[in-house]
Amino acid sequence: MAQLEILTFPDDRLKQVSTEVEIFDDSLHAFLKDLEETMDEGPPSVGIAAPQVGRFERIVLVDVSIKPKIPNHGRLILINPKIVAEQGQVVGREGCLSVPDFTGNVARAESIELEAKDAHGNTISFSMEGYEARAVQHEMDHLDGLLFLDHLVSRRDLFRRKKYK
Amino acid sequence: MKNWFMLTLIGQDRPGIVAGLTRALFENGCNLGEASMVRLGGMFTIMMMVETESDRTELITLTRPMEASTGIRVHIDEIEGALHSHIEPNYRFTVYGADQAGIVAETTETLARLRLNIINLETDVGGTDENPIYIMHIEGETKAKQEKIERALVELAKRKNIEIRVIPINTLIG
Ligand SMILES: [Zn+2]
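Heads up: the sequence lines are chains S and P, in that order.
Residue numbers for the first sequence follow our numbering, so the first one is 1 and each next one is one higher.
Residue numbers for the second sequence follow our numbering, so the first one is 1 and each next one is one higher.
Looking at chain S on its own, in the form it has when it is part of the complex:
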């Protein structure tokens, strides 16, 4: 077990597109343990993606259960995740372990249907909404070399959209 170093922007590696996991073996499981430890022992976060620690495979970890009063599916290990359907759009505030000292407003799908593999290669699927769906979308962006900085909306945009709600 080891806590892994988190890459921070402007490290170019964060812009890399990660590849699918094909082999679900002990070395994958050992990495998943390290990734969990990195998330649990590092600065508070609700998710982490493998490329953030320099492993360019399509693996994310999401756990919004530490936040009070938010519907969630507990701790999720999502391998080769795919969003198969999405609905609605909401703006919320995000920050990133890989982008210290900056937060900004980002528009995300409000609810998503998600398919992925678990640690043993079994297919799993989830319907999720709100904060948990946002966390998954944030982490999945890392797999495609994107950061929340790529989706920022300005304050005024946010206000315009919200104005007469």
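By construction, these hints were calculated from the structure, which means they are not laboratory data.
Only part of the chain P face toward chain S is listed, based on derived beta-carbon distances under 8 Å: (1) His84; (2) His86; (3) Glu88; (4) Ile169; (5) Asn170; (6) Thr171; (7) Leu172; (8) Ile173; (9) Gly174.
Keep in mind that this is a model prediction, so the values were computed, not measured.
Just so you know, even glycine gets a beta-carbon here, dropped at the ideal spot from N, CA and C.
Since the structure of chain S is already known, use the hints to place chain P with the ligand on it.
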């Protein structure tokens, strides 16, 4: 030895203000920090953090040609502040209603009693000349609980016949 200054500019809006200023600063070895620029009522304002080895007098000399040619007024303060000291808002408020005196004062007084530190505040007047509506957005930081904030604002909304929304900002770090 480098110092931080806050440059505050205000003047008639016209193309090229920002480019002219930032070019002059760049060519004289200044680094720019955070900045906020906004156009309001035909005027343009800039607040800009500038780090430089120059002193205040040198900065004044640097911006004087711009003042002379554009009529923009420049104000310079030496500041203690530095980068990487953001305060994160944890609540957002939207207030709107028929335009009337005192909406800003009463709302911000109520928020001040809740020990809210206002980080952003913007207001707009929409509607028509006959029926103007006032819209205000505030982002701020307070330790007060949402229920307590809502109680205080519901009372105010009733009294002024305005709508007030409280939206907690739950910043997602991932
Ligand atoms: Zn991130």
